[in-house]
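Take the sequences, apply the hints, and build the full model.
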Amino acid sequence: MADALKGKTSVSIIYITPNERATEALRIFIEGHMEYMKTKSHETGPMKLIHYSISESPEWADNSRWQTGETPGITERRVFHLFEIYENLEGLQHHWMETQEFIGEFYELVETHNIEVHTFNQMKIIQSLWN
Numbered sequence: 003m004a005d006a007l008k009g010k011t012s013v014s015i016i017y018i019t020p021n022e023r024a025t026e027a028l029r030i031f032i033e034g035h036m037e038y039m040k041t042k043s044h045e046t047g048p049m050k051l052i053h054y055s056i057s058e059s060p061e062w063a064d065n066s067r068w069q070t071g072e073t074p075g076i077t078e079r080r081v082f083h084l085f086e087i088y089e090n091l092e093g094l095q096h097h098w099m100e101t102q103e104f105i106g107e108f109y110e111l112v113e114t115h116n117i118e119v120h121t122f123n124q125m126k127i128i129q130s131l132w133n
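Take 3 as the starting number for the sequence shown in the working numbering and just add one per residue.
Since the hints were derived computationally from the structure, they do not count as laboratory data.
Careful: at least some of the hints might be erroneous.
[To be verified] Taking lysine-lysine pairs in the DSSO-like style, the calculated list, with each CA pair at most 30 Å apart, reads:
1) Lys10 x Lys50
2) Lys126 x Lys42
3) Lys8 x Lys126
4) Lys42 x Lys10
Written out as structure tokens, the structure is:
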């Protein structure tokens with residue numbers, strides 16, 4: 003069904019690591035984050051977490067070549083993308099409040115390893131395709 007997610011709330015966070023040491027440190031943190039999400043997320047009800055995923059790839063040196071069928075070269079950096087969809091804004095806000103358990107550790111990781119973070123928070127889904 004088209005637009006099944008329309009009106010739901012999402013958060014999208016991009017992490018860019020500058021080197022292999024930072025990449026490995028972030029991977030370890032992400033493993034722990036998955037366990038945290040399993041414990042803390044709501045599977046049903048008004049604060050339901052509908053979707054959770056983390057993707058990883060190299061940072062591509064030239065994003066303008068994809069439409070030609072070419073795979074561009076890579077930089078030494080790695081890109082991680084965290085994406086979550088919640089039933090509503092309250093579910094996401096509740097999740098952010100619960101992050102107090104580890105946010106200090108996360109900020110220390112980011113600072114120590116010079117990890118770039120781009121957060122796109124409290125976004126309303128305006129279109130979706132299928133379920």
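Here's how the hints hold up against the structure:
1. Lys10 x Lys50: 10 Å, holds
2. Lys126 x Lys42: Holds, at about 22 Å.
3. Lys8 x Lys126: 8 Å, holds
4. Lys42 x Lys10: Given pair lysine 42, lysine 10 holds - Cα atoms ~19 Å apart, limit 30 Å.
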